[in-house]
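There are 2 protein chains.
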Amino acid sequence: MPKVGIRDVARLAGVSTGTVSRVLNDHPSVTDELRARVRRIIDDLGYMPDPSARSMRSKVSRLIGIVIPDLTNPFFSELVQSAEQAAASHGYNIIVMTSFDDAAKEADRIGQLTSRKVDGIILVPSNNFHTLKLPKALPIVVVDRLMPGYSGIASDHRNGVRLGVEHLLKLGHRRIGFISGPRHSVPANDRLKGYLDAMGQPDDGGEIQASSLIAEAAFDYESGRSAGNYLLARARSERPTAIFASSDQQAIGCMRAAHDLGIPVPAALSIVGFDGIPLSSMTTPRLTTVKQPIQKIAAAAVAVLLNKQPTPGIGHPILLDCELSEGETTSSPQPD
Amino acid sequence: MPKVGIRDVARLAGVSTGTVSRVLNDHPSVTDELRARVRRIIDDLGYMPDPSARSMRSKVSRLIGIVIPDLTNPFFSELVQSAEQAAASHGYNIIVMTSFDDAAKEADRIGQLTSRKVDGIILVPSNNFHTLKLPKALPIVVVDRLMPGYSGIASDHRNGVRLGVEHLLKLGHRRIGFISGPRHSVPANDRLKGYLDAMGQPDDGGEIQASSLIAEAAFDYESGRSAGNYLLARARSERPTAIFASSDQQAIGCMRAAHDLGIPVPAALSIVGFDGIPLSSMTTPRLTTVKQPIQKIAAAAVAVLLNKQPTPGIGHPILLDCELSEGETTSSPQPD
DNA sequence: CCGCGGTGATGAACCGTTTCCATTGAATGC
DNA sequence: GCATTCAATGGAAACGGTTCATCACCGCGG
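Protein sequences appear in the order of chains A and B. For the first sequence, full-length UniProt numbering begins at 1 and goes up steadily by one. For the second sequence, full-length UniProt numbering begins at 1 and goes up steadily by one.
It is worth saying that the hints were derived from the structure and are not from the lab.
It does not matter which identical chain is used: a pair holds within one copy or between any two.
Once the Cα atoms are required to be at most 25 Å apart in a straight line, the calculated BS3-like pairs of lysine-lysine come out as:
#: 1; residue 1: Lys-105; residue 2: Lys-296
#: 2; residue 1: Lys-117; residue 2: Lys-59
#: 3; residue 1: Lys-170; residue 2: Lys-193
#: 4; residue 1: Lys-3; residue 2: Lys-136
#: 5; residue 1: Lys-308; residue 2: Lys-136
Model the full assembly from the supplied sequences, consistent with the hints where possible.
Structural data, given as structure tokens:
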């Protein structure tokens, strides 16, 4: 079966290849009548334009690259999945690449994507500080882990955390502990600010106020557990009645810590997480958490790359609202 | 900055474009000396061949498509990540697509990939029975959920489960419960067979032997929990001393059930899971599980598509060995 | 000494589109 | 009614590589 090309279509329709091309690209200057005829032939023949030839001439690949640190992280895999959906709705496809939080690999991946002539890149930068020279020519949108000096899209971590902490305050909690993320992570610091906002402690931009109710930890399960232990292993009157964790994994680790200490959740301890990963609804009891609008982030990133939406200016990232997802780990505090 | 093309390289090196092309493609008939000179110029200029132009003429896109039901499933996200690694090591890139277990979407995605001229497709078919007409021309390798009538690659579920059950037998367990997967899932049935193998019950290929120690359930957490409840809510002398779950999520749900019933793990109940997802090492105690060789599966799939490895014949899938990962949820049974 | 096979390199054709320019015919302006 | 504009289409160049037919050159056997 000799594959059908644009010339075959043109011949059958009795027009020139140029006209067929214009039909394919919805160029306005084609008669409706002609357009219809060509379309019919295209369908009949099952003709599909060759993307390589197309891209070679037009410099448009209808391909978007996405570079993330780790696909097995549920947050990122959902991000990729959402981006794929959003891109597909515009006729675009996604090339995924993993950087493993390695700056060199990351640069290499971006180079590959550049030479592939993708039409844009969605980047979640690796955590290691590094001078990433982004190719000027290519539209890149930084997502989630905003880089100072680059514009990007993320959820509004600060207000999101505030939302969760305010929920606890509204329930009557006053001694609210906070499990923070790693000190040098931008989103982690934003979350901390949200906590301080809600607790009424002014963020003076300087040294973090040494509060015995704040524990620093990595975002993972085990770190959350030991941070929980740290916050909970004290006399009942000084122990927080609620804990806000900077990630769901931390929160789940913290639940474990509470359990091991014989502290019932939510009766004696309320816990709120952050992220809204699928696992959060699989715990017992179901975790109350602040959900990041991953789909919206992905959709916005794609929209920006495709110029359906203005690119956010440097220093003025698009921040999308988080949402409180009430589970079963929060209740009013017991009277002492 | 005028972009550098193959002609520029050729001119600078004092050779023809043909020669440069052959250097690029490691064609043998180029003098070492010339090859070196051309390579130098290429580096100096930072020349990168245009993949579109390349692919147009050579019909090779260096692109592999991967279609999976759901990227947020940890098993699949790890599969994609591994495939990306394997492909990258051969100079290939990955286009991901999600079918959401919808046959129509799946067919559409495969069509898109075909028209993109990918060099091959890795497919994890959706669970809905359907007549999937795979394009003949394109190399496709079916992974994990093998389809009868198609050849593919998967882990050896049957022997994997046997491994886990034999581990329990070796520890001295005799009443070993089994949480099965959904009745119509091919891998679920393979796993069940492995259990029956190990337990010495011949698989007559007919109706599943009604054993009170087998519980059917979906692969998720909640189903595992209720299956666990079902198996454990009985007199101690009839209660299994160990349970093998067909997925890690089931196993974790089962741990929860045991906990709620006041049955200590592993003291009074050993539990083994299946899959080896990251979460399995985050539970307390750490889950003993049978690990699927996801990386090997991905590597093999890529190798087959790239003709580095013979395509498995229909009915003769490549089966890769699982591995027992000993955690803390197994021990010898208590004396009654 | 000449023809011959084989190697390494050349230059042009070629891949399948898009896009530019020329052309045509119709509509518009004067 | 004729020049001018403009919209619609045709034809061909262009895109940036790969590959094919060809050729020059070299060593070697007859």
